[in-house]
Every structure is written in C-alpha cells, then in structure tokens.
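Trainee: Residue-level listing of the chains:
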Amino acid sequence: MIATIAAREIRSGLVTPLLWVLLGVGQVVLAWIFLQVVEDFSALDAGERSASLTQELCVNLFGFAAVLAMFAAPLLAMRMLSAEFRDGGYDLLAAAPARLIEILLGKFIALAVLITPLCLLPAANLALLSGATTLDLGQVAAATLGLWLAALFFGAIGLQASSLTEQPGAAVLIAFGLLLLFSIIGRAESLTAQTLSLFGWLSWNEHLFRFLLGAVRLSDLAYFLLFTGFFLALAHRHLANRRLQ
Amino acid sequence: METLLRVTDLSRDFGRHSALSGVDLCLERGQVLGLLGPNGAGKTTCLRLLSGLLAPTSGRIEILGLDLTHRPLAAKRHLGYLPERPPLHPELRVDEYLTHCAHLHRLPRRTIPEAIATAKQRCGLEDQGRRLIAKLSRGYRQRLGLAQAILHRPPLLILDEPTEGLDPVQMRELRRLIRDLARDSGIILSSHLLPEVQSVCDRVMILHQGRVRFDAETRTARPTNLWRVRLGGETHVMHLNDLAPVAGALAIGLNQFQVDLQPDATSADLARAILLAGLELFELTPERSDLERTFFDLIGAEEHA
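Heads up: the sequence lines are chains A and B, in that order. Per our numbering, the very first residue in the first sequence carries number 1; after that it's consecutive. Per our numbering, the very first residue in the second sequence carries number 246; after that it's consecutive.
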C-alpha cells in the first residue's frame with residue numbers, strides 16, 4: 001500500500017512542472033556558485049588558501065542547496081495533502097482500505113524520492129572536477145548525506161504543515177515559518193546565558209555544517225531523524241483528527 | 246436476503262451543531278436506497294460517516310457484519326464510494342488513475358486489466374483510457390469517479406449526488422447502470438432531485454435537519470389514481486360522486502375536491518364527465534404521492550408548488 005501511494009505521488013510529481021523548475025533554477029545558481037568558488041580558489045596562492053577546494057565547494061554548494069531544499073520541500077509537500085484536501089483527492093485514500101500510517105509514509109517516501117535529485121545536484125557539479133583535481137570523496141559523501149537528511153527534515157515539516165489546512169498557500173507559509181524558526185533559533189543563544197546550548201542544538205544549520213565539514217556524528221544523525229519522526233508523528237495526529245473534526 | 250449495511254442510532258455533531266441525529270438503517274443486497282433532502286439536510290455527512298471518512302459522535306455502522314470503527318480496513322474492502330466531488334488526480338491519464346485505484350483497493354495484480362476494462366465499459370469510458378483527466382469534461386469526470394467506485398465490485402456502493410454534472414442522456418444511462426449494479430450490490434445514493442430518486446430507488450429516506458423524516462418503499466409511495474379538482478360556482482361533493490369515472494370524492498376546501506377515480510378511468514374521462522354534467526372545471530391536477538407531499542412539506546414549498 002505504501003508503494004502504491006508513493007508511486008502515484010512520484011508519478012504526479014514528475015509530470016507536473018514544479019520539480020523541474022526547482023531543479024533547473026537550482027542548477028543555474030549552483031553552477032554560478034561553483035564557478036565563483038573555483039575561480040576564487042584558483043586566484044589564491046598555495047600559502048593563502050585556508051581550506052581545501054573540496055571544503056570550499058562543499059560549504060558553499062551544499063550550503064546553498066540546503067536553502068534551496070528548504071524552499072522546495074514545503075512546495076512539494078503542499079500538493080500531497082493540503083491540495084488533496086481542497087480538491088477532494090484525499091477522499092479516495094480515506095475511503096480505501098489503507099492505514100493512516102501507510103498513507104503518510106507513502107507520501108513521505110515520495111517526497112524523499114522527489115527531493116533526492118536536488119540533493120545530488122551539488123555532488124554532480126563536483127563530479128565535473130574529478131578528472132582535473134583530487135577531491136575528498138568521503139567529505140562529499142558526508143555532505144550529500146547531511147543535505148539529504150536535512151531535506152527529509154524539511155519534508156517532514158512540509159507534510160505536517162500540509163496536514164493542517166486545506167489551503168496550500170497557507171501550508172507553505174506555515175512550513176516556511178517553522179523552518180525559519182529552526183534556522184534562527186540558534187541565535188537565541190546569544191540572548192541568554194552563554195552556557196545554555198539548547199537553542200544552538202535545536203538549529204538545523206549547526207548540525208548540517210558538521211556534515212559539510214565531513215564529520216558524520218551520531219548526535220547530528222539523531223537530530224535529523226528525531227525531528228523528522230516528530231513532525232511525521234504530528235502529521236499523523238492531524239490526519240487522525242480529521243475524522244473527528 | 247443478505248444484510249450489507251446496518252446502522253444503529255448514528256449521530257454526528259460538529260461542535261454544538263448536530264448534523265445528524267439518531268439515524269437507523271438497514272440495507273439488503275439488491276436494494277437501492279435514496280437519501281433525499283434539501284441542501285444541508287445531512288445527506289453528505291451521513292454518506293461520509295458510512296464510508297469511514299468521518300467518525301460518528303455516537304452509534305454503530307456495520308458493513309457485512311464488520312464494525313467500521315473497530316475494523317475499518319476489513320469493512321472498507323467491501324465499500325465503493327463516490328464523493329460529491331469525484332476524487333480525481335488531473336495530472337494522470339484515465340488508465341493510470343484506475344490502475345492506481347485498483348492497487349488501493351488491493352485487487353490482485355492479474356485481475357486489474359480486466360477489472361479496469363469492465364469498469365470503463367460500464368461507465369462509457371472505453372475510448373478515454375489514454376486521455377488526461379485534466380482534459381475530461383465534467384460529465385466524463387463524474388463517470389470516472391463512478392468507475393473507480395465500482396472497479397473492485399464492492400457489495401456496498403455509496404454514491405453522493407451521482408448525477409451531478411451529467412446531461413439528461415447520461416443521467417438516463419446512469420440510472421440504468423445503477424439498476425444493473427443493484428443486481429449484486431446494495432446501493433445508497435443521495436440526491437436533492439425527487440424524480441431521480443423515485444425513478445431509480447426501491448426505498449427512499451428523507452432527511453431534514455439531520456433527522457430521518459420519512460422512510461418507505463417507493464412502490465408504496467407512488468401516486469395512486471388520485472386527482473385534485475377545482476370547480477366553479479356552488480358545487481357539492483355529491484355532484485362529483487354521481488359521475489361515472491369517480492370512485493369517491495372528498496371536499497378539501499372551497500370548491501376544491503380530492504377525487505379517486507375508478508381503476509380503468511383516466512383524467513380525460515373525469516374532465517369530460519365534469520363538463521357533460523354542466524360543471525365548470527377550473528383546475529385538474531394529479532394528487533401528489535406521500536413521498537412528494539412529505540418532501541415539499543419539509544422544504545416548506547407546499548404553498549408554492
């Protein structure tokens with residue numbers, strides 16, 4: 001059942017222009033950043049270089065791709081629940097012999113599949129340099145994993161926001177608001193006691209940054225998986241409540 | 246006969262507003278039940294409850310003996326549902342959509358092509374398989390919605406305003422299809438169109454303000470050979486009783502009478518007899534059936550009808 005729902009969502013995602021527009025726009029900007037970084041790096045003498053080319057490219061390319069994924073995930077997710085509530089398509093699933101968890105996981109897996117090409121774009125750009133220089137493939141792999149986990153986290157927030165309302169526009173705004181909160185919450189640390197690191201831990205960019213530096217830590221993995229699970233659980237709760245409202 | 250659906254004391258509140266209250270119903274295989282009522286009567290709420298889209302505030306729904314609240318997956322396997330707005334995905338083609346629906350209803354993979362072909366043939370979609378749903382007309386979308394509901398040959402079929410958006414020819418075809426489907430299923434359909442329900446249903450339930458106000462077989466609710474006449478001048482009911490085509494007459498107002506005709510007499514015979522008796526005939530209208538009277542009484546249109 002999960003595969004059936006995911007396959008339909010993937011098919012719908014591929015035949016509508018949104019994903020292709022996001023990929024096209026993303027690639028244009030990533031290519032521009034890629035050229036900029038390579039040009040700046042080439043202009044420096046060996047002594048002036050503070051970081052390796054792989055590190056420079058990972059931080060810049062994957063960092064921008066994360067921002068792109070932050071915009072893309074809510075846009076892709078709004079179609080999956082919110083627009084279906086509005087157009088009545090969700091009734092098909094609700095009247096079918098399918099569990100809510102199967103419906104939700106089907107949609108989440110489809111979202112993960114649809115957003116994966118976006119997460120692979122920076123690595124594809126880096127692959128252009130494979131013949132010209134030696135890249136730290138481990139770091140590129142860690143950065144790609146981090147970006148993908150961050151995209152899943154954004155997708156879970158997108159689905160949760162999408163489960164709240166029948167207005168896709170409102171769903172996107174709610175998701176952007178939540179993601180913005182999770183982006184800037186780390187700054188709250190400076191407003192409170194310096195020793196309190198909870199707000200810093202809650203911020204997703206801190207965790208992604210360590211992946212971009214090539215460090216795959218269990219605590220960072222746990223952060224993304226924990227919050228992805230948390231927002232999916234909230235979405236499940238909202239779907240269950242729809243029958244009662 | 247096999248009982249497909251049994252509903253006991255079903256109620257549903259939205260906040261303080263009671264949308265449905267104390268509904269009991271039982272549907273047998275081969276029966277077509279029409280839910281009739283003005284807009285906002287609770288028809289759609291009732292059907293959404295029966296299809297598991299809404300949870301009841303109180304009451305019990307059993308589909309083939311399976312409790313919809315406690316065993317929703319098993320119960321929904323026996324259910325086909327066409328909502329008010331057909332649940333379509335405009336970006337898919339007709340065949341893709343029906344294949345998806347077949348998987349959702351857990352049809353065995355090898356039976357899917359045949360099930361899709363049969364559903365398309367029954368709904369007049371044979372040559373539409375490659376078309377994008379976004380490009381279909383409203384009537385075809387409605388047919389596709391119906392096709393997904395009957396795809397897995399469910400014993401219980403719930404249709405919410407199935408003739409919405411159909412032209413008169415399509416409506417007639419749909420009525421024929423419903424009668425055809427009712428040979429091995431039980432069907433509940435909602436409508437606010439009285440003639441539609443009368444023409445296709447075996448049983449009618451009128452809902453008003455969330456309560457069942459009328460529940461009867463349509464055979465018993467069909468009009469009899471009763472006519473309403475308005476005559477001019479000073480006419481006594483005895484004048485009418487003396488006429489040959491009249492079996493009995495009843496005064497129901499000033500110069501207004503309800504006339505029961507002899508079994509073989511027609512309204513033309515009555516009109517001719519009235520004129521030959523030298524009476525002035527101002528009005529001759531068929532008396533409404535119990536169903537019509539109840540419906541128009543409920544929607545408050547009796548005076549205007």
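None of these hints come from the bench; they were simulated from the model. C-beta: ideal position from N, C-alpha, C; glycine also. Please note: incorrect hints may appear among the correct ones.
[As the list claims (entries may be wrong)] A few chain A residues facing chain B, derived, Cβ under 10 angstroms:
#1 M1
#2 T4
#3 E39
#4 D87
#5 A98
#6 R99
Trainee: All hints are to be evaluated individually against the structure, with a verdict given for each.
Mentor: Tested hints:
1. M1: holds (7 angstroms)
2. T4: holds (4 angstroms)
3. E39: violated (41 angstroms)
4. D87: holds (7 angstroms)
5. A98: Holds - the Cβ of A98(A) comes within 10 angstroms of chain B, reaching about 7 angstroms at its closest.
6. R99: It holds, given that the least Cβ distance between R99(A) and chain B is near 7 angstroms, below 10 angstroms.
In this structure, only the earlier hint numbered 3 is contradicted, and the remaining ones agree with it.
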